[in-house]
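Asks: Protein chains in written order, with the numbering used here: chain A, 1 to 312; chain B, 313 to 849; chain C, 850 to 953; chain D, 954 to 1156.
For the record, the hints were derived by calculation from the structure and aren't laboratory data.
There may be inaccurate statements among the hints.
[As the list claims (entries may be wrong)] Dumping the calculated DSSO-like pairs for lysine-lysine here, alpha-carbon to alpha-carbon at most 27 angstroms:
id	chain 1	residue 1	chain 2	residue 2
1	D	LYS1126	C	LYS916
2	C	LYS865	D	LYS1048
3	A	LYS224	A	LYS248
Note that the structure is a prediction, hence the values are computed from the model and not measured.
Listed here are the chains, written in short residue letters.
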Amino acid sequence: MTWIPEAASNLAGKVDGVLLVITLISIFFFVLISALLIYFAVKYRRRREDEETPYITGSEPLEILWTVIPSILLILLFVYGFVVYKEMRTPPKDSVDITVTGKQWLWTFDYYNGKKTLNELYVRQNIPVRMIMRADDVLHSFFIPAFRVKQDLLPGRYTQLWFTPTKIGTYDIFCAEYCGTGHSAMLGKVVVLSPEAYDIWEKGIGVDDGAAVASLPPAELGEKIYKEKGCNACHSIDGSIVIGPSFKGLYGRTGVLEDGSSYTADENYIMRSILEPQEEMVQGFQPVMPSFKGILSEDDITAVIAYMKTLK
Amino acid sequence: MANHTIATNVYVSFLDKKGFLSWFLTTDHKRIGILYLISISLFFLIAGTIALLMRFELLTPASDFVSPHTYNVLFTLHGSLMVFFFIVPGLAASFGNFLIPLMIGAPDVSFPKLNLASYWIYLLGTIIMLFALLQPADTGWTFYTPYSANTDADVILITLGVFVLGFSSILTGLNFIVTIHKMRAPGMTWHRLPLFIWASYATAILQLLATPVVGITLLLLIAERSLGVGFFDPAKGGDPVLFQNFFWFYSHPAVYIMIIPAMGVISEIIPVFSRKPIFGYKAIAYSSLGIAFISFLVWAHHMFTSGISEVAATIFSFLTFLVAIPTAIKVFNWIATLYKGSIELHSAMLYALGFIFLFTIGGLTGVFLGALAADIHLHDTYFIVAHMHYVMIGGTVMGFFGALHFWYPKWFGKMFNESVAKLAWFLIFVGFNVTFFPQFFLGVQGMPRRYATYPEEFQSLMSLSTYGSWILGLGILIMTVNLLKGLFSGEKAPQNPYGSLSLEWQVPSPPPLENFEEIPHVTDWSYGYGKKKEVDA
Amino acid sequence: MSEHTHSEARHITGYKTYFIVWVLLMILTATTVYVSYLDFGTLNIVIAMVVASIKAVAVALFFMHLKFEDSITWLFALFPLVLLFLLIGMTILDTFTRFFPIAG
Amino acid sequence: MEKANMEESHGHIHHMDPEVEYSSSKLGMWLFLGTEIMLFGGLFAAYAIFRAKYPEMFLESHQELNREMGAINTCILIFSSLTMAIAVTAIQKGKRKMAGLFILVTIICGLGFGVVKYFEYSAKFAHHIYPDTNIFFSLYFMMTGLHMIHVFIGLVVLGVIMVLTFKGKFNEKYSTPVEMGGLYWHLVDLIWIYLFPLLYLVG
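The following block holds chain A by itself, in its conformation from the complex:
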């Protein structure tokens, strides 16, 4: 295990610099204080009951010394932290905009090129990206540890952050602001692609990358989609109700809708529920699910249904 996640953005090295300097200063003071503490506690331990101790009540030069030195150090640290922060908060002019919307408990990304992805952010190596951020319901916080960036998303107002991804790879996106039951399941991935790979992704249809996925059996593809597109944040596979109904035994189930009519969870009902979730609400659930129109293809939905069928 490494001390700190891989530095995969232009900002990461700079933040690490601040962390390192403070760490070194902290270690110095910590060692100094604890060494003195232990040394004094051992050296001056009480040996006899009637030991004489000197009447020392203070020392002005010493006290000025240990007021002034930490003060100077602290102000320098403030300046260092501020300088890096300023850069972190000032996106370059040539950055591309990607809009991210946080919703309990999904990330939706809208790209400058008209694409739309869910929970997976695709970025091109060495091109600065500015994230324009907004929340649909409650506070969320967009956090990519490998990039050392974090910013809360607010309903009713845009916030922003920026970074230039420098290393090809896949990194975690966490929601860092508590947002309810599915908070810890509000995970995403940021995929940094080489310029060539990015071009291919940009031209491709749908969001899944390549033939390897297409060749999966439908139920396995469905399971992959279930995990990657955030279905798992609200729908369990063990029968427990998190936010929405569990996928376990869902296929073929019958029941009553909000308007009193009955439904049978056949292929068509499930497809409608994924594309227009609010249209036919089952009694007892909140209308909170986003539409997956344009995010899941018909093949994807078929795969998800195939996966559901395996969950008896």
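Chains B, C and D: place on chain A using the hints.
Replies: Chains B, C and D alone, transformed into the frame defined by chain A:
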């Protein structure tokens, strides 16, 4: 030092009167202190048990012990109970009540009936809180909007409970300020006051003037849920970040309400067991006031990533660094007090030294969070959790345990088993570090806080943290049993077992009903240990 | 220490003083209502607050006898106002300096 | 240290020196008033922010408020402050009956304030204006509502003090509760002095 009080064998101890009503209707500050002590200890144990449950759930990445919703309820309860029911009233109300009149040479606080009323209000708050447990909130102890305004759980009751508790805190602070101003014994000038009194004074100012702001904030949250008021609701033109501004205007000073009394305790324990005058008395005394004042000016350092303006973030970061200075001064002064002392490693002293050690880590990691760039990465991760617990457990709780062991003989007139106390200290110290030190690394690696489930890459450190919590829990259990056992079967405590010069040790243990047979005449400060040379500082 | 000196008899304010203060308060109330019908732009709120503050000071000094209190009372009467300005000032500072940088 | 010497001369410590008790109560009361200022402080801060954010809403919405009723209430409250101040001076001079009567006038004024407020609130509800109408009315109802609660508490406190005054519990030597009640009532007035222009007289 004052030696006017004659310790006679025949006296009426404040503990002598028996019966429920003699406690429930008491206006004796020492008894009210005990009532608070029992209440806060109970909440400490309950909230601590909840913490153990949470750590048990976090042993593995999946949510296999409790559901995510239950986990969220657990950390909300743990936070709210620990913060509002244990640590905010904590040392200030229990030891503050017991010690302030004794230390300044007064028979009681200025308003004894108001003091009792404060405790009743505290009880009322706890009763409301118990009802809130029926449908517990899942908002976290910070009640951030808009989640707290929209969640299905019952947020109104728990916030109402905290609101009511606030009044207890305000009235206690008010009482202490007036007491310290008006009830000092003759000769007890400001610069002869024990440092615990300075600390209590600074704390009381914070209690008095910061608490009403959280009161109105929670009231507005209640109005938001019940009347549809929209100050924090973006859909109605409100601003969720405004809630955070208001909330932290109280809750940052509240951090100092929690820690300053512990600093006061440490400043009392160290000179006694070093047999040395406290080093830099005035610097420690004024730094308490300094910390209290600056603490009103740093609240937004909890909000650097929340969407506040960059200008505000910069100003608040700068002010945050300022608050580190008086804190550093205190630590250096404590260390210097040890120099050339005659140090006895009594269990209370071990807690005090443990405090310095852990609080230094807590303070230094605070510097990371004050620095803007570093905070962006570390905010809302386990680094915050670790830092906060190093300050709150490593600081306040260590101070609280230290105070318990130090003043135990005075308060209850009994002795506890010192060897067992040292063993418990060792377990607590080790267990605490094993629990929380790994969390700094988890935070740096990006593990967010308040996660019911977590990615597998964090498992080894998370499990280590859970194992540590078991050691910590065992240590606290042993300590509790040891102290309780002492109450029933402990030896009778002498009047002044450590040879302290402070006023409270010059009366019998436990102190008589109105503390002093005759109001003492103070002629010197209470830190006059050691051999004076020709030149007096 | 000033807080300990209570040797002088406590000050009793005369009815006449109260009456004068009351007349002043009424005149100021009339003024503030009158001014609100005129349009001075942003000055309106400034005038309203200045008038209100004069009234508040008059009430505090004479009705509440602050004029005759010791320095500690003054300290604790004024310190909350300092904090209040900090709360309002810093919150406003945050709210109205939230720039959203335009890139590209 | 006069206090020190005085205290020493007292054998029974629970009968605190009346001077110390008096000055303690007064200091305590002022501390409490500071708390009250901070309690309203959050609302004042919210007011400042939202007024700066939505000046048009404030201008438009405040026209729904009845300026005359606000002005009448201001006069009532200021007058009640005057009568309360007179009551304090009266009891300090030992005139119990006069003090009691002026407290009674103060209470009547407070009730009058409540009645006017009742009509104001009813008029708002009749026009379907509620706390959730917009931010301005949220502020209006929260600020005046919290103030109204303080008026009611003040009335209860003054009611008790009035009865005790008529019963002769207070005199020129001991008038602390009357003075404390007075301080509280003046604070209620003081807060209204700000609420009136902020809510009723928006430019």
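Asks: Give me the numbers of the hints this structure contradicts, sorted from smallest to largest.
Replies: Going through the list in order, the structure violates no hint and respects every one.
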